[in-house]
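Novice: Letter by letter, the chains look like this.
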Amino acid sequence: MQDLLSYLHLVVLPQMVDALIVGAALALVALGLTMIFGLLDVINLAHGDLYMLGGYAAFTLIGWGAGYWGALVLVPVLVAIVGWGLEELGIRPLLPRSDRAVVTLLLTFGASLMLRDFAQVVWGTDTHAIQAPFSGVISVAQVFVPAYRLFVFGAALAAIFLTWWLIYRTRIGAVLRATAADPVMVASFGIPVRWVYGSAFMYGCGLAGLAGVLLGPIYAVFPTMGHDFLVMAFAVVIVGGMGSIVGAVVAALALAQIQGLASLWIPPVWAETLVYGVMLLVLIVRPAGLFRRFGEA
Amino acid sequence: MALLEVEALHARYDYAPVLQDVSFTVDVGEIVGLFGRNGAGKTTTLRAIMGWLRPASGRIVFAGADISLEAPDRIFRRGIAFIPEDRRIFATLTVEENLLLGLTAHRCTRLEEERRLDRIFRLFPRLRERRRQMGRTLSGGEQQMLAIGRALVGSPRLLLVDEPSEGLAPVVVTEIFDAIVRMREEGIALLLVEQNVRRASAVCKSCYVMEKGRIIKHGTPGEVLADEAIRQRLSV
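Residue numbers (the numbering used here), protein chains in the order written: chain A, 1 to 297; chain B, 1 to 236.
It is worth saying that the hints were derived from the structure and are not from the lab. Beta carbons: idealized from backbone N, C-alpha and C, even for Gly. A few of these clues could be false.
[Said to hold, decoys possible] Where chain B lies over chain A, by a calculated footprint (3+ residues, C-beta under 8 Å):
#1 176-190
#2 290-296
[As the list claims (entries may be wrong)] Anything over 10 Å on all C-beta distances counts as not near chain A; from chain B, calculated:
#3 E112
#4 S139
#5 A202
#6 K212
From just these sequences and the hints, can you work out the full model?
Specialist: Here's what the structure looks like:
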């Protein structure tokens, strides 16, 4: 009995705390993905690479002397601007087409490859470390957690809450929800829907950039970091429900726990497979995901 | 000069013509009825005016400006609001949020917003009671009131109304028509598509009868309904 308790306390609990932090960061990437899908019906395959770009931009800005905190503020803005370029030049002209789901998938896939190659040309294929802004360990319920990881959790949670608040408690959010449900009717009340699309796309990309800065000091930055994360974020969005805000957060936290705990007992590669198994199961049992698309009744 | 002039409008869905040589006018502060059977082209006419459908040829002139090829958001900002047949209430927005959406393009102050909301709530007191409720929880009649309120709150100069009485109980229909008359008294022009020809002709100054995408008759409600053939067509 004593053994079991100390096993839970010393092995399982720390793993769960770690998974909670990964889950919160994953939720940031998944939130952007699901917002963009919910509003524009666009599956943004470049989303992971915008996360990667966030990591590299932080690396460079810190190298230039902006400091971690400077990077934390600037990077989401920079990545949002890149997202704006992608939306304005690439996606917007394709939106009126009836086959927009397919052509925007191809477009964002191309953008993804370009961004990854761009990163390799500029920063090389090596992994770059980012120094955390502070060190130290904090004990929570007698589990020792690096202070920076706790900060990441808090910052991600704050960004998630801000997003929820924006969408469900503000006037802008009302316009977003209405646009997700019925863009033609929204336009018929004098609101330029393309601006709504553009700003939501930018916001989602900014969240990916933020995740890149936050996780940079934990996982370091490398050209394919976005790819690995995106696949996981897709599993999250599918389980939570394509276009669901609450679903993205819940599924991110849940899948991170499943992966984290499973890797205690099975090889980590198989833990990832388990996550995709859950995704597959959800697709079979409840193809629309666990939660409703935002804006829909 | 008329507020709205539709001149020789032609429109088609894919290759099937749905509007052929449709012309009519709506003057400031008058209610004009658009009658006809299902599929006659009434809804399509409203959609074309609101910019939901690009006309194949012809002109739509509003307050002196050609709006035929403009987008819906621009058309709204010129002063035209549309209440579609299925009402299209935003289901996951509250009653208040639905109404405020109709004001978003106006960028008015908080005080002005309150004043405008209050005006709608006085027109439909039931909406005030339901202010914080989600759109999807409203009854059909309340949804129609909200649809009218949402279009009215931005003070349009012309309101396009598609089948406002459809599927509603007679008591509610009376309430809706009272509101329509009140709008006209406030100087708003209305283009009213309605199956309930008897009710509508009581409030219209002039009306047009459509069939197979064309206008086949025009006049005051009295003149139009005096025609036995037309009465038969409209099953009045």
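Novice: So, against the hints stated earlier in the document, which numbers end up violated here?
Specialist: When the structure is compared with the hints, none of them turns out to be violated.
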